[in-house]
Amino acid sequence: MSLFLLVLALCCPALAAKLQVQVEDDTLVVGENVALEVQVIDGRLDGVPEFPVGQGLRTRFRGQGTSRSIINMKTTSVVRYSYLLSALQPGEWTIGPFDYEVDGERLRHPAVTIEVKAEAQGEESPVRVTANLSNNTPFVGELVTYHVQFRRKVEAHNIRWTPPETPGFIAEPSAELAQRDRSQIENGVEEAVLDIMLPLRATAAGPQTVSPAVITADLPAKPDPRSGRRPVDVFGRYKLQSKSLPTPPISVDVRPLPTEGRPADFSGLVGSFELSIDATDTTVAREETVTLTVTLRGTGVLAGFALPPVPDTADYRVYDDTPVVETAATADGLLSKATFRRAVVPLAEGQLVLPPIGLTVFDPREEAYTTISTRPVVLEVTRGLAAGDDDVQRYATGSADQRRDVEALGDDILPAPGTAAISDRTFAGALPLIVGLPLLPLLVGIGVSVRSAVAGRQADPWAELEAHPMPAEPGERIAHLSWMFRQAASLRLGCAPAEVDRVRLHTLGPKVVALYSDLEAARFGGGATGGLIDRVRAFVKGRGSL
Amino acid sequence: MLGLLAVLTVATAASPDALYASGLDHARAGQHDEATAAFVQALDAGGRDPAVYHGLGNALWRLGAPGPATAAWRRGLRLAPRDGDIAANLDRARRASRDNLEPPAPAADLFFWQGMLSPRDSGVLASVFLMLALAAPLLRRLRSAQRPIGLESGVALVLAVLLAVSTRAALVTEASVVVVADEVSVRSALGPDGVELFVLHEGAEVRLLETHRDHHLVTLPDHRKGWVPADATLSTNPSAPFPPAGLVTAP
Numbered sequence: 134m135s136l137f138l139l140v141l142a143l144c145c146p147a148l149a150a151k152l153q154v155q156v157e158d159d160t161l162v163v164g165e166n167v168a169l170e171v172q173v174i175d176g177r178l179d180g181v182p183e184f185p186v187g188q189g190l191r192t193r194f195r196g197q198g199t200s201r202s203i204i205n206m207k208t209t210s211v212v213r214y215s216y217l218l219s220a221l222q223p224g225e226w227t228i229g230p231f232d233y234e235v236d237g238e239r240l241r242h243p244a245v246t247i248e249v250k251a252e253a254q255g256e257e258s259p260v261r262v263t264a265n266l267s268n269n270t271p272f273v274g275e276l277v278t279y280h281v282q283f284r285r286k287v288e289a290h291n292i293r294w295t296p297p298e299t300p301g302f303i304a305e306p307s308a309e310l311a312q313r314d315r316s317q318i319e320n321g322v323e324e325a326v327l328d329i330m331l332p333l334r335a336t337a338a339g340p341q342t343v344s345p346a347v348i349t350a351d352l353p354a355k356p357d358p359r360s361g362r363r364p365v366d367v368f369g370r371y372k373l374q375s376k377s378l379p380t381p382p383i384s385v386d387v388r389p390l391p392t393e394g395r396p397a398d399f400s401g402l403v404g405s406f407e408l409s410i411d412a413t414d415t416t417v418a419r420e421e422t423v424t425l426t427v428t429l430r431g432t433g434v435l436a437g438f439a440l441p442p443v444p445d446t447a448d449y450r451v452y453d454d455t456p457v458v459e460t461a462a463t464a465d466g467l468l469s470k471a472t473f474r475r476a477v478v479p480l481a482e483g484q485l486v487l488p489p490i491g492l493t494v495f496d497p498r499e500e501a502y503t504t505i506s507t508r509p510v511v512l513e514v515t516r517g518l519a520a521g522d523d524d525v526q527r528y529a530t531g532s533a534d535q536r537r538d539v540e541a542l543g544d545d546i547l548p549a550p551g552t553a554a555i556s557d558r559t560f561a562g563a564l565p566l567i568v569g570l571p572l573l574p575l576l577v578g579i580g581v582s583v584r585s586a587v588a589g590r591q592a593d594p595w596a597e598l599e600a601h602p603m604p605a606e607p608g609e610r611i612a613h614l615s616w617m618f619r620q621a622a623s624l625r626l627g628c629a630p631a632e633v634d635r636v637r638l639h640t641l642g643p644k645v646v647a648l649y650s651d652l653e654a655a656r657f658g659g660g661a662t663g664g665l666i667d668r669v670r671a672f673v674k675g676r677g678s679l
Numbered sequence: 004m005l006g007l008l009a010v011l012t013v014a015t016a017a018s019p020d021a022l023y024a025s026g027l028d029h030a031r032a033g034q035h036d037e038a039t040a041a042f043v044q045a046l047d048a049g050g051r052d053p054a055v056y057h058g059l060g061n062a063l064w065r066l067g068a069p070g071p072a073t074a075a076w077r078r079g080l081r082l083a084p085r086d087g088d089i090a091a092n093l094d095r096a097r098r099a100s101r102d103n104l105e106p107p108a109p110a111a112d113l114f115f116w117q118g119m120l121s122p123r124d125s126g127v128l129a130s131v132f133l134m135l136a137l138a139a140p141l142l143r144r145l146r147s148a149q150r151p152i153g154l155e156s157g158v159a160l161v162l163a164v165l166l167a168v169s170t171r172a173a174l175v176t177e178a179s180v181v182v183v184a185d186e187v188s189v190r191s192a193l194g195p196d197g198v199e200l201f202v203l204h205e206g207a208e209v210r211l212l213e214t215h216r217d218h219h220l221v222t223l224p225d226h227r228k229g230w231v232p233a234d235a236t237l238s239t240n241p242s243a244p245f246p247p248a249g250l251v252t253a254p
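Chains as they are written, first to last, in the numbering used here: chain B, 134 to 679; chain H, 4 to 254.
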């Protein structure tokens with residue numbers, strides 16, 4: 134039944150304040166959480182309304198809000214107090230009655246009945262909550278650990294817990310709640326485990342019941358029984374459902390400390406303890422300090438505990454420091470460690486034996502009072518400064534450091550340097566340098582530009598070759614034609630004129646090779662010279678090609 | 004007097020180094036008049052060196068002329084801002100001054116490096132960076148680089164401009180004068196018509212805002228302003244001529 138159940142009660146005459154109680158659902162399954170709202174119309178309560186809740190239910194206040202509405206020119210204000218109602222045990226349980234005084238008027242609302250059904254059998258729940266106590270029969274003053282374990286095989290969000298009511302116990306203020314999240318594999322299935330350890334100290338003897346603690350978490354909603362699919366929201370994410378999982382109640386029998394055989398010097402400590410002592414040195418000068426470190430560790434509460442005082446004697450004085458106490462809650466109980474630092478100043482030379490420190494505690498394991506003690510500490514006390522040891526420099530006698538601050542006798546100017554290369558160090562003196570430095574690259578740049586310009590204006594070698602005059606003498610003419618050809622060919626081939634040969638000229642074509650052959654024949658073999666002048670000139674004019 | 008004449012005669016033909024050495028010798032002999040004359044001659048001979056101003060300030064201080072001594076040391080410190088000895092002497096003079104004035108603050112805190120560099124140093128540095136900015140494209144051209152101007156040119160040019168601006172600020176806006184008269188009235192206007200605003204004493208160093216005819220408009224660190232006769236002050240500009248020894252020692 135998922136419809137809202139509206140329970141409306143008119144608790145007072147018209148035009149007066151009214152009280153309403155709304156429960157989201159009146160039939161719940163163990164572990165199910167629903168909303169419960171107490172509404173005060175046209176009135177206001179002092180504080181948060183409280184009401185009786187059946188044993189199988191639990192409520193948690195979540196907040197309040199106010200709304201106003203105007204209907205037919207009449208203003209109505211509603212103060213809503215919201216609670217989370219959790220079903221913990223099967224059965225029929227009631228909430229209320231609700232009885233409050235609002236603005237001087239008494240408003241009442243009858244109790245609301247809620248039916249809580251057990252979870253369906255046959256299907257293993259993916260979440261489990263267990264709780265145990267490290268000792269179900271502790272002695273008064275003994276520390277026990279309330280251990281809650283939340284195991285889940287599905288993803289859980291927004292996990293929170295409500296501690297149990299612990300009559301006969303108090304939460305130990307010196308130890309913090311320990312919480313640990315881990316995962317473990319059981320039968321091949323991984324599950325997440327949240328351990329919560331709450332240290333409790335037994336304070337009242339007799340049978341007690343530790344009420345259920347409740348773990349509340351947002352878990353994936355159950356699959357639809359018809360489709361078998363898990364419901365999803367508009368974004369395609371699995372819907373979550375808030376669920377409260379109670380732990381079973383735990384019965385405890387707190388035993389009183391035995392009065393028989395209780396020593397007069399009982400320290401009040403209940404637990405298993407060990408006592409040890411260490412000294413910083415075994416040899417100490419007279420009137421100097423040696424520090425003893427006394428460590429008390431065990432499974433009890435040590436906060437506020439102090440070692441029994443040691444009276445000063447003629448042989449030594451004792452100064453106690455503030456102890457340092459450390460505690461840690463474990464599944465086996467609370468482990469405590471107190472460190473006491475005790476400064477001892479020997480007053481006499483020779484061997485000094487510090488007596489052992491003893492404590493009477495009640496050991497729950499032995500169920501008896503026991504005395505724990507340290508070993509005696511033996512110190513060798515030597516001569517000290519107070520004995521007038523001459524080997525030690527004594528500052529108080531006047532034979533020590535006689536230095537003192539340098540006395541200022543006067544104030545004068547500092548001299549000028551004895552040697553200096555004098556020059557004009559003014560800005561004006563450096564002006565030639567300041568102006569000259571940037572001019573250097575400018576001058577170099579101008580020089581490079583001029584050189585490039587001059588290089589660019591060099592005469593065309595082809596034109597010069599072309600304009601070269603032809604000798605009138607026929608013998609010289611052949612030599613000159615050969616020279617012109619070599620010059621032109623070398624320009625074309627990019628080699629020296631002397632390197633021009635037939636092989637190189639093959640790259641310029643058969644006509645050029647033929648011209649070369651004719652020139653060689655005319656010059657050295659007496660070949661015909663007709664037409665050579667025109668052909669060489671054409672070769673030069675054609676810039677190395679025919 | 005004959006000795007002074009002899010020093011002056013020698014100084015006209017001597018180098019700044021020789022004049023400085025001569026001044027030191029006279030100072031060691033306790034002849035501070037002669038030392039002052041030798042140092043001034045060294046300055047006039049082109050030896051505008053911090054060491055010369057240091058020695059000149061020392062000699063004037065020994066002669067009981069704290070105002071000119073302060074001006075000389077201030078000039079020396081402007082040429083060598085990192086010279087701790089001159090700074091110590093200047094501090095000594097300021098402590099002895101009757102006017103409890105803070106030294107003129109730098110014109111622009113932006114140019115923080117000017118506190119460690121003289122205008123000459125920063126000017127030469129600016130010139131070097133400008134040379135590098137111009138040389139870099141030339142080197143790139145000789146190496147046939149694709150881009151004629153690179154990042155190094157820009158960085159060097161920016162540094163050159165910054166240093167040039169700070170040098171100008173140090174030369175122009177940080178001008179100051181030192182009172183060399185025993186006491187001088189600072190007036191609201193030029194001449195005797197001006198209202199007497201406040202009085203400065205020998206050794207007081209004030210910032211110079213403006214010079215009009217033979218008067219200086221000066222300002223104090225607390226921004227009070229007024230006109231003082233130019234002949235009652237001495238410039239802290241190291242390039243300015245230093246008065247002859249006789250004038251500065253007998254204000």
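Simulated from the structure, these hints should not be mistaken for laboratory data. By construction, the Cβ of each residue, glycine as well, lies at the ideal position given by its N, Cα and C atoms. One or more hints might be untrue.
Unchecked claim - Here are some of the chain B residues that sit facing chain H, going by a computed Cβ distance under 10 Å: (1) Pro356; (2) Pro358; (3) Ala586.
What the hints assert, rightly or not - Restraint ranges, calculated between C-beta atoms of paired labels, are given here: (4) Gly157(H) with His639(B): 49 to 57 Å; (5) Asp545(B) with Asn103(H): 39 to 47 Å; (6) Leu572(B) with Pro224(H): 25 to 33 Å; (7) Leu564(B) with Pro224(H): 29 to 37 Å; (8) Leu573(B) with Ala233(H): 52 to 60 Å; (9) Leu575(B) with Ser18(H): 30 to 38 Å; (10) Pro244(H) with Leu572(B): 26 to 34 Å; (11) Arg216(H) with Asp544(B): 34 to 42 Å.
>> The hint names Ala586(B) as touching chain H; please verify it with the least Cβ-Cβ distance against 10 Å.
In response: Constraint on Ala586(B) not satisfied, violated at 14 Å.
>> A closest beta-carbon separation below 10 Å is what the hint needs, so does Pro358(B) meet it against chain H?
In response: 75 Å, violated
> Is 30 to 38 Å a correct range for the gap between the Cβ atoms of Leu575(B) and Ser18(H)?
Replying inline: 34 Å, holds
>> For the hint 34 to 42 Å, verify it against the beta carbon of Arg216(H) and that of Asp544(B).
In response: Taking Cβ atoms as reference, Arg216(H) and Asp544(B) lie about 40 Å apart, which means the hint holds.
> Should the hint that Pro356(B) touches chain H count as held when the rule is a Cβ pair under 10 Å?
Replying inline: At 68 Å from the nearest chain H Cβ, Pro356(B) fails the 10 Å test, so the hint is violated.
>> Against the range 25 to 33 Å, how does the distance between the Cβ atoms of Leu572(B) and Pro224(H) compare: consistent or not?
In response: 42 Å, violated
> Regarding Pro244(H) and Leu572(B), is the given constraint of 26 to 34 Å on their beta-carbon distance met?
Replying inline: Roughly 30 Å apart at Cβ, these two residues keep to the hinted range, so it holds.
>> Verify the CB-CB distance for Leu564(B) and Pro224(H) against the hinted window 29 to 37 Å.
In response: Given about 32 Å between the Cβ atoms, the range holds.
> Is the hinted range of 39 to 47 Å satisfied by the C-beta distance from Asp545(B) to Asn103(H)?
Replying inline: Given a distance of about 21 Å, which is not inside 39 to 47 Å, the answer is violated.
> Is 52 to 60 Å right for how far apart the beta carbons of Leu573(B) and Ala233(H) are?
Replying inline: 41 Å, violated
> Gly157(H) and His639(B), beta-carbon distance inside 49 to 57 Å?
Replying inline: 55 Å, holds
Violated hints, listed in ascending order, are 1, 2, 3, 5, 6, 8; each of the other numbered hints is respected by the structure.
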